[in-house]
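The task is simple: from the sequences and hints, build the whole structure.
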Amino acid sequence: EIYTFPYTTLFRSSTLAGRLNFLRLFLSPDIENSVKLSSAVAKNISAKLNVPLAKKEDATYLSKNCLSTPAIGIYARDLELARLIKGPLVYGEPLYQDNYTECRLLTSKDESIAGFPVSARIKTVAEAYYEGIVEYIGER
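End of the sequence shown = 160 in the numbering used here, gap-free, step of one.
There is no bait here: all hints are sound.
Taking lysine-lysine and the DSS-like style, the derived pairs with C-alpha atoms no more than 27 angstroms apart in a straight line are:
#1 Lys84 x Lys106
#2 Lys68 x Lys143
#3 Lys143 x Lys56
#4 Lys63 x Lys76
#5 Lys129 x Lys68
#6 Lys84 x Lys63
#7 Lys106 x Lys63
#8 Lys75 x Lys56
#9 Lys84 x Lys56
#10 Lys75 x Lys63
#11 Lys56 x Lys106
#12 Lys68 x Lys56
#13 Lys56 x Lys76
#14 Lys75 x Lys143
#15 Lys129 x Lys63
#16 Lys63 x Lys143
#17 Lys129 x Lys143
These are calculated hints, taken from the structure and not from any lab test. This one's a predicted model, so the numbers in the text were calculated from it and none came from an experiment.
Next up, the structure:
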């Protein structure tokens, strides 16, 4: 099966910088806005790619390394790459690449963008992100 895993980030640390960053996240609307942004992107990915949203039991790392959010299919995780981001953030893993069928779709070069061969599936993922972002901005 194929699942989508957009999630936001929460930060837990014993360092002063980590604690200050967590305080910033706690006091700002960044976490709530990230969940809203992630939800809009996840909804579009699920609809456009015809994949269900992930449940905690779908992947070991979701149950061991992620926190659930109020939104279905959206999980919070401490990611180094997201610690310096200020504002809403969505980081997604929309498709399982160890699924044979999905892997073939992702590696096919059946579309062209600006003369470069690309996968139609990757183009659809990009469109789903774009539409989710536009939807989130429209709700603000």
